[in-house]
Amino acid sequence: MGKRVGMEVSIAAAEAVALIDVDVVAAYPITPQTHIVEHLSELVANGHLDAEFVPVESEHSAMSVCVGAAAAGARTFTSTSSQGYALMVEICYIASSMRLPIVMAVVNRALSAPISIWNDHSDMMLARDTGWIQTVAENGQEVVDLLIHAYRVAEDHRVLLPVMVNLDGFIVSHVIEPIELPSKEEVQKYLPPYKPLLKLDPKSPVTMGPVGVPEIYTEVKKAQDEAIKNSKKVILEAWEEFAKHFGRVYKPVETYRCEDAEIVILLMGSIAETAMRAIDTMRERGKRVGLARLRLFRPFPVEELVSVLKPVKAVAVIDRALGFNGYTGPLCAEVKTVLFNHALTPYVWNYIAGLGGRDVTVENFVEMVEMLEERAARKEPMGYEIINVRE
Amino acid sequence: MGVASEALKNFKGFTTKNIPTIEPLSPGHRACQGCVEILALRLALKAIGTNVIVASATGCMEIVTSPYPQTAWRVPWIHVAFENAAAVISGVEAGYKAMARKGKIDLQEKIVFLGYGGDGGTADIGLQALSGALERGHDFVYICLDNEAYMNTGIQRSSATPYGAMTTTSPPGKKSIGQSTWKKNLPAIVVAHEIPYVATATPAYPLDLMNKVKKAAMVPGPAYVHILSVCPTGWRHPTNIAIEVAKMAVATNVFPLYEVIDGKWILSRKNPKPKPVKEYLKMQRRFAHLTEEEIEKIQARINAEWEALLERCGEKKEGGAEKTEVTPSE
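The listed protein sequences derive, respectively, from chains A and B.
Heads up: the first sequence begins at 1023 in our numbering, then just goes up one per residue.
Heads up: the second sequence begins at 4 in our numbering, then just goes up one per residue.
The set of hints was computed from the structure by calculation and includes no laboratory data.
Just so it is clear, CB atoms sit at the ideal spot from N, CA and C, and this is done for glycine as well.
A couple of the hints might just be wrong.
As the list claims (entries may be wrong) - Computed Cβ-Cβ distance ranges for the label pairs, DEER-style:
1. Glu-1208(A) - Lys-107(B): 44 to 50 Å
2. His-196(B) - Glu-1389(A): 57 to 63 Å
3. Ala-311(B) - Glu-1060(A): 42 to 48 Å
4. Tyr-1239(A) - Phe-14(B): 43 to 49 Å
Produce the entire structure from the sequences given, and follow the hints as far as they go.
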């Protein structure tokens, strides 16, 4: 039987990885990821998790060790943040292209410079095009559940792609929350042992990672693109099964008070909780505002977004990173592509908020919605703005 | 007795009578004519056998053996990137170790985990990953196939390129001698990690090479073999003299052969009458621009390095009587 505990989210994440019974953990310390790997090394040291803990000399080697171990047929885990992610990104592209079901928790943190240990989504956006499946947690329970879900999706032979579970640095990773931790037996029932399709084995030699000449490279990439497109079905299936096993229901896009909403705030991660409080306040004043939170970022949840945004008059897209194209934040660009492709024409304003640990408050959300309404009313050309900039 | 000496106490070497006929790295690959690097890899694999998993750095040996849909590999092989072969093979080893311990796989005999890279992939971009894997003590063999430059990208200098050599990024000119720095002593850097087994070898002495690789595979923990891999394309000499060039590297003490077993340095060839370095340099057009003065400078450096090696190997006679002065042959 599972148990309900009060636990720091990072510790709970490590406990979840132990319940998943991984074989190899390779990690390098970086704030704010450290508590996850510290606790994992403790679990290995005291025998609660039978795994090889490989204390590598860099994140680049962390991902390289995971690639080697996964290619050998082992279940692998790593975790990082920010600069650590930036250092390993070369191998992240290779991990997905080699179709290795590695799971990584990225404790989201701003990218340098200036160096900042605090939360935003710059690292997640750096991972946008790496070919990994990406989910984004709002709270500790979701971190635990998305980690368990991640392995079920990654190791499914219809998928065989790595999965990145995002959680906000400090705001989620370092808080103590009530969390339901399932038992090992319950996790095992949901998550069958990893059976690799191909592995490095002297009894059955294979060549992995060969040269892709021009005659074959496009085809390999096409296959990889199909894999991430097809993964959506398995992701949904795995969430349905999750609900049957654990009673918690997950969808690619979480909505709050969207039923009759004219305005939707669209975002990812833990600031959703603040946004919901702002929405309650605005609803009391008679404003028909709702929230759409992306739990699934890769593959992009197009159908779900369309159904949420179809009836809406205006959308405030909150980006927690800059795209530096001088035009739009990265999340907003993708949302607008969905809207354009489906001939939907709500008024969209893009707010860049909460960079490098800057708080995003209830008042900020109320103000963002008010400004959105004003801009829409005076038909201002759609654009973006960084909020909370000190003059 | 150290772990390596213990593991090697009943070591039986290869002789001309018992060289394995297996070819885990098959012919038909696309290496250049006269390539000594592929020969080194072939001999190493023959010595290790088929119960092996190989991780390759990006480089010549990766390119010439694996253009999809062809492969020259009859044993499991993985290539991930340039700088991480040591990290990748340590991951494979960790995976196997965990899965065997947990009963997920049945390991009947020891699998050899082999990582390899060129000098660029080992001494430069891959040095950090190698150092990490050595320090962590994974049970693996790493082979550096040293052809003294980035040959795969077109002969650019690395930290293993010898002083004076012409490469495409160390061209000699009015203001340049060619490579302006001395070759990085990578085996010594590896020895400093205090791993059980380190050796240098070259395919010019194939039995010596195979025996060293075999020993490296037998010792528990990390083992490292540094192989001088003559590259006619990059060193600019006729392909038919490649093995002679390698022999001359040893005969001139430019590339001494030795082992370091449990920290004990052992000279493989004592070379009492070393040939002048000039004999080696003049075989290769990459050194064609060097003046007599520069050649003397190189000779003095090689002499000093040899003396230091003799000292480490305990071969220096009391009072420094061992003489290795060389008189020019011409």
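Hints versus structure:
{"no.": "1", "hint": "Glu-1208(A) - Lys-107(B): 44 to 50 Å", "in the structure": "21 Å, violated"}
{"no.": "2", "hint": "His-196(B) - Glu-1389(A): 57 to 63 Å", "in the structure": "58 Å, holds"}
{"no.": "3", "hint": "Ala-311(B) - Glu-1060(A): 42 to 48 Å", "in the structure": "44 Å, holds"}
{"no.": "4", "hint": "Tyr-1239(A) - Phe-14(B): 43 to 49 Å", "in the structure": "46 Å, holds"}
Violated hint for the displayed structure: number 1, the only one.
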